[in-house]
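Sequence lines, in order, name chains A and B. Numbering-wise (the working numbering), the first sequence opens with residue 3 and increments by one. Numbering-wise (the working numbering), the second sequence opens with residue 3 and increments by one.
The hints are simulated quantities; they were obtained by calculation from the structure and are not laboratory data. Glycine included, every Cβ here is placed at the ideal spot set by N, Cα and C. One or more of the hints may lead you astray.
Unchecked claim - Calculated pairs, DSSO-like style, for lysine-lysine (alpha carbon to alpha carbon, straight line, at most 30 Å):
#1 B/LYS77 - B/LYS8
#2 A/LYS8 - B/LYS119
#3 A/LYS119 - A/LYS8
#4 A/LYS8 - B/LYS77
#5 B/LYS77 - A/LYS77
#6 B/LYS8 - A/LYS119
#7 B/LYS119 - A/LYS77
Claimed, not checked - What the simulated footprint calls covered on chain B by chain A, stretch by stretch (three residues with Cβ under 8 Å from a Cβ of chain A suffice, anywhere in the stretch; the number is not a length):
#8 12 to 26
#9 66 to 78
#10 85 to 93
#11 96 to 103
#12 106 to 115
2 protein chains.
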Amino acid sequence: MAKDLKITFLLDFYGDMLTDTQREAVEAYYNEDLSLAEIALDRDVTRQGVRDAIKRAEQQLLEMEERLGLARRFKEVQDALTVICDCAVSIEEQNSRMGDDPVIREHVAQILDCAEKIAVDQ
Amino acid sequence: MAKDLKITFLLDFYGDMLTDTQREAVEAYYNEDLSLAEIALDRDVTRQGVRDAIKRAEQQLLEMEERLGLARRFKEVQDALTVICDCAVSIEEQNSRMGDDPVIREHVAQILDCAEKIAVDQ
Chain A
3 MAKDLKITFL LDFYGDMLTD TQREAVEAYY NEDLSLAEIA LDRDVTRQGV RDAIKRAEQQ
63 LLEMEERLGL ARRFKEVQDA LTVICDCAVS IEEQNSRMGD DPVIREHVAQ ILDCAEKIAV
123 DQ
Chain B
3 MAKDLKITFL LDFYGDMLTD TQREAVEAYY NEDLSLAEIA LDRDVTRQGV RDAIKRAEQQ
63 LLEMEERLGL ARRFKEVQDA LTVICDCAVS IEEQNSRMGD DPVIREHVAQ ILDCAEKIAV
123 DQ
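Bound-form chain A, shown alone (with noise of 0.2 Å):
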């Protein structure tokens, strides 16, 4: 079983759905990246019941992101993030080439401060 790192990216978004059990093993198996056996030893249970509980989970997420596709608008908008972020550089390096003016290098660091509050690990 490979391990998908787009399960890492729903599980932040939509793992407050899954039961806690759920949401433990998947937990230890992508964020602490324990393996099956290492999961199962730790809850006392089979290697193919933490398998299992991680299939059903990880069915779980793929099937509300298909229902809901909020994953994929965050990721819109974190792409979109970078872009304004890339272009308040570029606003910022030609303010210092002309003369640097203050009143555009205070808002260009409010668009920075703003973007950076809003960024979403990936």
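Starting from the known structure of chain A, fit chain B onto it as the hints suggest.
Relative to chain A, chain B alone:
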């Protein structure tokens, strides 16, 4: 039963997790602004039946938001985007006063374009 504007916003995020019947009733009530009696007449069910379906759907939407908080996260993004756009406009105004540098003007336009693409109606 007062119409809760928050529900319209949550419907946009989590509506696809409701059953078809629930979603249709909530959309008719909130988005098309029909009365309970009108919705009941359309579907040949009782007014009380429609009311119950909408109440259940509202509870589900509020519970999803309580668990996942994605509407709140999007709201934060939208608020930040408003500030980013205001700053971009201020930069352009200052740029006009300072001789209208084309590099700055183009990057401001790109910021506004990106922000508009990811803006959500609220």
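Results for each hint:
| no. | hint | verdict |
| --- | --- | --- |
| 1 | B/LYS77 - B/LYS8 | holds (11 Å) |
| 2 | A/LYS8 - B/LYS119 | holds (24 Å) |
| 3 | A/LYS119 - A/LYS8 | holds (23 Å) |
| 4 | A/LYS8 - B/LYS77 | holds (24 Å) |
| 5 | B/LYS77 - A/LYS77 | holds (15 Å) |
| 6 | B/LYS8 - A/LYS119 | holds (24 Å) |
| 7 | B/LYS119 - A/LYS77 | holds (13 Å) |
| 8 | 12 to 26 | holds (count 4) |
| 9 | 66 to 78 | holds (count 7) |
| 10 | 85 to 93 | holds (count 6) |
| 11 | 96 to 103 | holds (count 4) |
| 12 | 106 to 115 | holds (count 5) |
Violated hints for the displayed structure: none, as all numbered hints are satisfied.
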